[in-house]
Amino acid sequence: MNKPLTPDTEQVNSVFTSRIIIFGIIIFIGLGGLILRYGYLQVYAHDKYTTQADNNRIKLISAPPSRGYIYDRNGIILADNQPVFTAMLSPDEVENPERTLRLLAPIFELTDEDITDILARLSESKNDPVTVKIDLTEAQLAQFSERKPFFRGVTIQSKLTRAYPYDELFAHVIGYVGRINDKETKRIDKDRYAGTDLIGKIGIEDYYEDILLGQPGYQSVETDAYGNILRQLDTKPPISGNDITLSLDYGLQTIAQQQLDGRRGAIVAIDPKNGDVLAFVSNPSYDPNPFISGISFKDYGALREDLDQPLYNRALQGTYPPGSTIKPFEGLGAIHYGLRNWDTTIYDPGYFSLPGDSHRFRDWKRGGHGTVDLKKSIVMSVDTYYYKLAYEMGIQRLHDWMIRFGFGQETGIDLPNEKSGIMPSPKWKKDTYDKDWLPGETISVSIGQGYFLATPLQIANATAMTANKGHHITPHLLKSSDGAAEVKVITKPDGKIDYNGKASDWTRMHNAMEETVENGTGRGIYTPKYRIAGKTGTAQVKSIAQGKRYDKSAIDQRHWDHAWFNGFAPVEDPQIALAVLVENGGGGSAVAAPIGRALFDYWVMQRKKDPILPPSADQLKVIKRQKAFEKLMRDALREKEEKALEAQETTTTATSE
Numbered sequence: 001m002n003k004p005l006t007p008d009t010e011q012v013n014s015v016f017t018s019r020i021i022i023f024g025i026i027i028f029i030g031l032g033g034l035i036l037r038y039g040y041l042q043v044y045a046h047d048k049y050t051t052q053a054d055n056n057r058i059k060l061i062s063a064p065p066s067r068g069y070i071y072d073r074n075g076i077i078l079a080d081n082q083p084v085f086t087a088m089l090s091p092d093e094v095e096n097p098e099r100t101l102r103l104l105a106p107i108f109e110l111t112d113e114d115i116t117d118i119l120a121r122l123s124e125s126k127n128d129p130v131t132v133k134i135d136l137t138e139a140q141l142a143q144f145s146e147r148k149p150f151f152r153g154v155t156i157q158s159k160l161t162r163a164y165p166y167d168e169l170f171a172h173v174i175g176y177v178g179r180i181n182d183k184e185t186k187r188i189d190k191d192r193y194a195g196t197d198l199i200g201k202i203g204i205e206d207y208y209e210d211i212l213l214g215q216p217g218y219q220s221v222e223t224d225a226y227g228n229i230l231r232q233l234d235t236k237p238p239i240s241g242n243d244i245t246l247s248l249d250y251g252l253q254t255i256a257q258q259q260l261d262g263r264r265g266a267i268v269a270i271d272p273k274n275g276d277v278l279a280f281v282s283n284p285s286y287d288p289n290p291f292i293s294g295i296s297f298k299d300y301g302a303l304r305e306d307l308d309q310p311l312y313n314r315a316l317q318g319t320y321p322p323g324s325t326i327k328p329f330e331g332l333g334a335i336h337y338g339l340r341n342w343d344t345t346i347y348d349p350g351y352f353s354l355p356g357d358s359h360r361f362r363d364w365k366r367g368g369h370g371t372v373d374l375k376k377s378i379v380m381s382v383d384t385y386y387y388k389l390a391y392e393m394g395i396q397r398l399h400d401w402m403i404r405f406g407f408g409q410e411t412g413i414d415l416p417n418e419k420s421g422i423m424p425s426p427k428w429k430k431d432t433y434d435k436d437w438l439p440g441e442t443i444s445v446s447i448g449q450g451y452f453l454a455t456p457l458q459i460a461n462a463t464a465m466t467a468n469k470g471h472h473i474t475p476h477l478l479k480s481s482d483g484a485a486e487v488k489v490i491t492k493p494d495g496k497i498d499y500n501g502k503a504s505d506w507t508r509m510h511n512a513m514e515e516t517v518e519n520g521t522g523r524g525i526y527t528p529k530y531r532i533a534g535k536t537g538t539a540q541v542k543s544i545a546q547g548k549r550y551d552k553s554a555i556d557q558r559h560w561d562h563a564w565f566n567g568f569a570p571v572e573d574p575q576i577a578l579a580v581l582v583e584n585g586g587g588g589s590a591v592a593a594p595i596g597r598a599l600f601d602y603w604v605m606q607r608k609k610d611p612i613l614p615p616s617a618d619q620l621k622v623i624k625r626q627k628a629f630e631k632l633m634r635d636a637l638r639e640k641e642e643k644a645l646e647a648q649e650t651t652t653t654a655t656s657e
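Take 1 as the starting number for the sequence shown in full-length UniProt numbering and just add one per residue.
Honestly, the hints are just simulated from the structure, not real lab data.
There's no promise every hint is true.
[What the hints assert, rightly or not] EDC-like mimics (lysine to aspartate or glutamate), calculated; alpha carbons at most 16 Å apart, straight line:
no. : residue 1 : residue 2
1   : 190       : 209
2   : 627       : 168
3   : 159       : 261
[Stated by the list, open to error] Quick list of the computed label-pair ranges, beta carbon to beta carbon:
no. : residue 1 : residue 2 : range
4   : 92        : 619       : 43 to 53 Å
5   : 230       : 95        : 15 to 25 Å
6   : 157       : 403       : 22 to 32 Å
7   : 63        : 496       : 35 to 45 Å
8   : 640       : 112       : 26 to 36 Å
9   : 628       : 305       : 48 to 58 Å
10  : 105       : 62        : 32 to 42 Å
Since we're looking at a predicted model, the values are computed, not measured.
For each residue, glycine too, the CB sits at the ideal point set by N, CA and C.
Sequences and hints are given; from them, build the entire structure.
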């Protein structure tokens, strides 16, 4: 029998029913909210959140192109690409990049300057991975592997980097690549350099940067929350940069460097037929490899402070008084203007004076050369002949003639930062010094002194144009290019020097220069095996007072005369023209000419029968280890000397106090 409901029971049931209804309403509202939110996400915000989700798991990775290789004319690799381990940082996966870099610094040996540079590149990267350190050592890899879980967003990748197998041998012509700096970041096409850390800094690497670089590609990949790649979704392969072949010859370059070993100077050799540069050496040189990943401040400072200036490209940028090397060009100018012919003679008493002036411009030979015609003026390098000629020609006509051989202007070689030298004129002096030209200055210019300055490259090029009988050439290093990018290659002369004389005059000048080697100032390098045409030169560095004679023993070595030689061979069919400069070498006949002979011997007689080839890979390793050891010894010695100097200065200061 059911009990009747009491008032208390009815009240409890009523409360329970109300709560059920309220709870049901809450559930209904909650479910309604979820349904509305679901509808919003699926309909209205679908695109937005799909994109965000994809960004979280899909990453676009730049695929840098392989930089074009650089070869010599025989296919020997001069600039290579080698795989190295590289540390990369992905900015979208690192909350505090600076803190991460500070923690990485002791592992990867990062300096404050390195960190500042990396942070600057991160700010420009658009979330693309940025290189932290190139060419990691085994020790660095091991240290990082132990700590990898603490460095989310930092990965180790195998990437190609530049390598120059022959160290300093081609440094002044090929140059080097280096890390892209802030200034370069602002001017380059960032899309073109996506994933690329290096850019050509100087030399061929800089001049042909656009074709060596290539075009980047990309990879679309799926990653997990830690940035690890799960699978590859899409790929656009990069386009490699052009491989380029230079006109340089490894063997001739080696001979040139060996001949200048221990001396400051430069050698440039050119094919007179087409302007191919066969050798291009500036000594001393430097190893470009440390510049790729970033040379240390200490090592760079040592190069900058070296008194012999190994970073200075003497062949391209060194401007020197050309001395008597210019006499063949000047002699042809005398015929061009109708001031001389091959039979015209002058009498040389050993000096020349301007009319009404007692000052004597002395010939190098005390007592003079007596009766002199044009040929003898070349063979015996008669200064007085050119003093008189320049006085009659005048500086303006002399200037106008010599610029036809390329003096006072860039040759147009495919290298950056070429110096033009100085072929002076009255206008040049007025513009430069706001002073009028003096007659005596013309006399100095006539023998390659005074304001006249030229580069070894200009002397070699003018000699090549004399060898090819007045055909104008533009010296160049690019011989061919293989790749997607188009580039113009020079293969022949591009004009002819405007000359009023006979075609046979060029042949007669060849004969005069040949006689110079057989019986004149260059007779020390004569050989019966083939015909050499040459001209020696000695360029004064320190002025000698009137009436005094040059005394080498009384002058500081860095004030000795510069030694020059220019010439070509074989005379009947010139294959090579060159210029040799030895800074403060003394006489051109004794010092520079034998160097020229060594290059002629190799090119004319040895090159085809017994060419000089590069060392094997194993031999290169031994050579590099030896060089590294020698560098350590030099650094240790320099550090010891610096400490000794500091101690001496400290002692001196204490004593004076």
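Hint-by-hint comparison with the structure:
no. : hint                  : result
1   : 190 / 209             : holds, 15 Å
2   : 627 / 168             : holds, 11 Å
3   : 159 / 261             : violated, 36 Å
4   : 92 / 619: 43 to 53 Å  : holds, 47 Å
5   : 230 / 95: 15 to 25 Å  : holds, 22 Å
6   : 157 / 403: 22 to 32 Å : violated, 54 Å
7   : 63 / 496: 35 to 45 Å  : violated, 50 Å
8   : 640 / 112: 26 to 36 Å : holds, 28 Å
9   : 628 / 305: 48 to 58 Å : violated, 21 Å
10  : 105 / 62: 32 to 42 Å  : violated, 26 Å
Of the hints listed earlier, those the structure fails to meet are numbers 3, 6, 7, 9, 10, in rising order.
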